[in-house]
Every structure is written in C-alpha cells, then in structure tokens.
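Read top to bottom, the protein sequences are chains A and B.
Note that this note's numbering gives residue 56 to position 56 of the first sequence, counting from 1, and the numbers run on in steps of one.
Take any residue in the second sequence, count from 1 to its spot, add 1000: that is its number in this note's numbering.
Just to be clear, a hint being listed does not mean it is correct.
Unchecked claim - Residues of chain A placed beyond 10 angstroms of chain B at every Cβ, according to the derived structure: (1) Val9; (2) Phe13; (3) Leu65; (4) Gly78; (5) Met117; (6) Ala211; (7) Ile221; (8) Thr222; (9) Ala267; (10) Ile276; (11) Ile293; (12) Ala299.
Unchecked claim - Straight-line C-alpha distance at most 27 angstroms; calculated DSSO-like pairs for lysine-lysine: (13) B:Lys1234 / A:Lys161; (14) A:Lys217 / A:Lys227; (15) B:Lys1008 / A:Lys133.
Unchecked claim - Chain B stretches covered by chain A per the calculated footprint, using a threshold of three residues with CB under 8 angstroms from any CB of chain A: (16) 1106 to 1118; (17) 1130 to 1138; (18) 1212 to 1226.
In short, the hints are calculated from the structure, not lab data.
Just so it is clear, CB atoms sit at the ideal spot from N, CA and C, and this is done for glycine as well.
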Amino acid sequence: MKRYILQRVLAIFPILIGISFFAFFLINSSPSDPAEVALRVNETVATPEAIATMRRELGLDKPFLLRYGTWLLDSLQGDFGNSYITKQPVLNEMNKAFPATLALASLSLFITMGVSMFFGIWCAVHEGSVGDKIVRGFIFVGTAMPSFWAGLLIMWLFAVKFDLFPTSGMDGFHSIILPAVTLSLTFISTYIRLIRNTMIQNRQENYVLYAKVRGLKEKTITRHIFKNSLQASLTALGMSIPKLIAGTVIVENIFAWPGIGRLCVTAIFNRDFPIIEAYIVMMAVLFVVCNLIMDIVCALLDPRIRQGE
Amino acid sequence: MNFWMRLKSDRIAVLCMILLFSVVLLGIFAPLIAPHDPLEPNIKFKFADNSLEYPLGTDQLGRCVLSRLLYGIKTTVVLSLLTMGATLFIGTFLGIVAGFSRGKVDEAIMRLCDVLLSFPSEVMILAIVGMLGPGLTNVVIANIAAKWAWYTRMIRSLVMEYTDKNYIRFAKVAGCSSSHIMRKHLLPGVLGDVIVLATLDTGWVILTISSLSFLGLGVQAPTPEWGMMLSEAKNIMTTHPAQMLPPGIAIMVVVAAFNFLGDSIRDALDPKGDQTKAVVK
Chain A
1 MKRYILQRVL
11 AIFPILIGIS
21 FFAFFLINSS
31 PSDPAEVALR
41 VNETVATPEA
51 IATMRRELGL
61 DKPFLLRYGT
71 WLLDSLQGDF
81 GNSYITKQPV
91 LNEMNKAFPA
101 TLALASLSLF
111 ITMGVSMFFG
121 IWCAVHEGSV
131 GDKIVRGFIF
141 VGTAMPSFWA
151 GLLIMWLFAV
161 KFDLFPTSGM
171 DGFHSIILPA
181 VTLSLTFIST
191 YIRLIRNTMI
201 QNRQENYVLY
211 AKVRGLKEKT
221 ITRHIFKNSL
231 QASLTALGMS
241 IPKLIAGTVI
251 VENIFAWPGI
261 GRLCVTAIFN
271 RDFPIIEAYI
281 VMMAVLFVVC
291 NLIMDIVCAL
301 LDPRIRQGE
Chain B
1001 MNFWMRLKSD
1011 RIAVLCMILL
1021 FSVVLLGIFA
1031 PLIAPHDPLE
1041 PNIKFKFADN
1051 SLEYPLGTDQ
1061 LGRCVLSRLL
1071 YGIKTTVVLS
1081 LLTMGATLFI
1091 GTFLGIVAGF
1101 SRGKVDEAIM
1111 RLCDVLLSFP
1121 SEVMILAIVG
1131 MLGPGLTNVV
1141 IANIAAKWAW
1151 YTRMIRSLVM
1161 EYTDKNYIRF
1171 AKVAGCSSSH
1181 IMRKHLLPGV
1191 LGDVIVLATL
1201 DTGWVILTIS
1211 SLSFLGLGVQ
1221 APTPEWGMML
1231 SEAKNIMTTH
1241 PAQMLPPGIA
1251 IMVVVAAFNF
1261 LGDSIRDALD
1271 PKGDQTKAVV
1281 K
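Input sequences plus hints: build the corresponding full structure.
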C-alpha cells in the first residue's frame, strides 16, 4: 500500500510542472502586451518609453525561460505577483475570496451528497415505481437545464416572488442557501443516476444472491449493495470537487457572491493577468490533488485496485 | 438489425432528430422566417404582449423576441455544431496518428494530452478566454482547445484496438502506405464511436457557449444569442419575469434533444446492453 501511495504521489510532480508551464505560457502568449495592459488600467498614456519602463518593472525584458523559472520559484513561495488593478498581492486577493467559495462549495457538496444518496438508494430499491419515474424525470430536466437559467428561476421564485432570501450578496447564512442549491442541482442529477444505476447493476452480483440465500434481511442486503456501489461514486466525487469549485463561476456571478469565480471573471474583463494565472494554477493543483486523494481512498477501500498496479 | 434500422425503430430518437434538424433549418433560414429585424429596437412597443404581430412579445427595447430566438439559433446551435466538428477533426486526426504510429510521436501527443486533461475543462475554457479576451471567436477557440485532448485520447484507444486486427496487418504486408491505412481502414472503424461521443457532447458545448455569453464573455450585445438574452432578462427580472422563459426553454429543449439522441445512438450502436438485460430478466 505504501508503495502504491508513493508511486501516485511521485507521478503528480511532472504533471504539476507541466501545468505551471502551460499556465505561464498561456498568459505570456496572450495577444495583448501585459506591460501595455498594466499601463492602460491605471489610465496612463502608453507611450513607447512608458511601456519600456513598465516592461523592465514587470521583468518582461528577460528571456522567457528565465521568467518562467523566477515565476515558478516565486509562486512556490506563495508570491503570485501583484494585481494590475488593485496593486495588492494576488495571494491577498485570493485569500479574501477563497473562504466564500469554499463555504459555497462545501454546502453544495453537503446538499448534493445528502439528497443524491437518499434518492439514489430509494430509486434503486423501488426501481420502476412511480416515484422512481418522477425522480428520473427530474434528473433528465436537471441535466439539460442550464445552471444559470435554473439559478435565475430559483432567484425569481424565492427571492423576488416570495421574498424569503436575499437576491444577491453575502450577509448571513440566509444568502448562501440559494446559490448553494443552484450549484448542487446539476451534481444532484448526476449522482442520483450514478448511485441508482450502480446499485441496480450490483444487485445482479453473486454476493447478493448468496446474501439472499443466507436469509439476510432486505435492509442488510441493501446496505451491502450500497457499500459496493460506493466506489464509482467516490471516484466521481473526486472529479466533482474541483468541478464544483470551478462551477461556482456562474453561480457566483448570478448571486453576486464574492468568491474566486467572480474574482476570475472580473479579472478576465480587466485583463488582470496575474490573477487569472493564479486562478488557473490553483484550480489545476486542486484538481490533481483531489484525484490523487480519491485514488488512494479507492485503493484503501478496494484491495483489487492495489494489486492491479 | 443494423444501426440505422435500430435507430429508426426508436421513436424518441427519430423525434429528436426531426426536432434538431428543423431547429437547424429554422436557424439557417431565420432571415426569411423571422417576422422582424432582431436588432431593430422599437421603444414604443416595449414589453408588448403576445400578439399576431409579435408572437412571443417584445423585450425591454421593443425587439421581437421570436425573431431574436430564431436568429439566436445560428449563434448558439450552429456555432456549437461547428465547434464540435472542428474538435472532432483535430481529435480524430491526432488520435489516429498517435494510435497508429506509436513510438515517439504517440508519446509526445499523449503527454501533451495528459497536461491539458489535468485541468477541468471549465477552467481551461476560462483560462483561454482570459488570455484571448472576451468574444465569440475566442469562446469557440477555447472550447476546441479544451476538448480536443479528450477526443484524441479516446480515439487513440479505439485505434489501438484495431491496429492489431488481421486486416490491418494484411494491409501493412500488402504494402499500403500509412496514410492509406489510416484513411481507408482505421477511420471507418472508429467513425461510429466518434459520432456517439460527439452527439453526447454537443449538448454540453451548447451549455458552455451560452453560459459564457451569459457571463458576458462570449457574444457581445446586441447580437441575439440565447445565453445573452437570459442575461438581459436577468436585469428586468423583478418587473418582467416572463422574459426569462423563451430563451431558457429553447436551450433546455435543444440540449435535452441532443442528450436523448446521444443515448439512443449509443444503444443502437451497442445493443449488447439490451441483450444482457433480457438475459438477466
């Protein structure tokens, strides 16, 4: 097991280096000159001399690989440079926005897991019943409905029509509920379907037949099936956590939630490259690390994977 | 039964195909069908009710909602199809080359894919739009750039299955050129699966393009686009909530049709699933 974990951990380093290089390359091959952007956002006239000074100031006159090296070393120490707009260190901006996104994502994750486990198991047990059909109808609508439209409808119904929750902003627990529900809608439909289908598939396995022959209670058997169906959902969950955080981009913009998704979209409008760069790197690292953790958890749960390696 | 027969016997699939086909036709012929100019404001008639003149009413600038929806098809649906086409082209080409040639070329393409696939595609798209700046062309480029790696990897693994088959070996021994084998023997083999992947994904592309437009990163006003129309409807939500319905329903129906069709095509291509189900029952 230790060897397996070590192998997986070592394997992510080349990927991380690849990601950082890619993010750096992407921003540096942008058609607009960062020096010019940095000048323009501060409403300075971009004369050739000013651009040259700014280029020196931002270190843009050095060769590409040298700049990449410096940038990588700096970002490893948490220094992503300063925002072009606010002149604040990017890390500060990120730190300010991240808790809001984290709160939103964790609450959605919580809602998603609770709701989809309940309905997933229920539908698998009552396969083909009227309730199962209704839930499947909901799943179907949920996957085809754009999340921004769902968000708008939810906002209109609960914030405008019934005035139960605030439409936007962040004050108090009240205001997190609508964005969190909106965010979890897409994931809920995926997970109900996943849990339901893997459980129905698992029911055909021999261990279920054996359990039935042993005369175990229906409830105990369902628990067995559920445990064995968890792995597919766990792997998917590992992929979903970063997707959840990335998915906040739209929801945060609808509900004016001051998280990193909103920060990134604002940065794109302002051409504030250091923030975009930091956002990309952060998301990619999160994605890779989550995948790693889920791989390890799955290996812990299922010895077959460990031996397969 | 062959693939087409099975697909034709699936009523929902036929319905979806008819629906999508007519949506595309409506989009192409929008200038002939639309009752009004989608860009022409007419403040005097703003928020007009449904009438013969304006079947779906008018928006906050008095523009005909139906005309905007019809013109929006071109931006949303047709662009998504184009994006999908370009992605498939790149993915299939590189996938076949990587899977057939193996060795260093394969290694290089696959490592590049590994790095690209270590981003969630949503982040990747944001990153590229962030680099190129907002705009429709950039959104399309970002979608292609974010998706091709996934297709390349899928198609490569499909190709790998075929390259060890005897007919490919025979073609090699018979002295066919590599490009001939790739075009005439490998491409037809993987094409079926490629089409399934593409149909399943088109709905996703539509959602992405309209989400970005909704955020203001894609289509710029006043071009009619469904996501854009929703974003405009958001601002007048308190006074005229009904404005949110036409574009939202349009997106949902088209995406649902693509999802349904994708599932049906998959079933039609791979009827094994049904057989096992029958055996178990």
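| field | Violated hints, by number in ascending order, as checked against the structure | value | Of the numbered hints given earlier, those the structure breaks are 9 and 10, listed in rising order.
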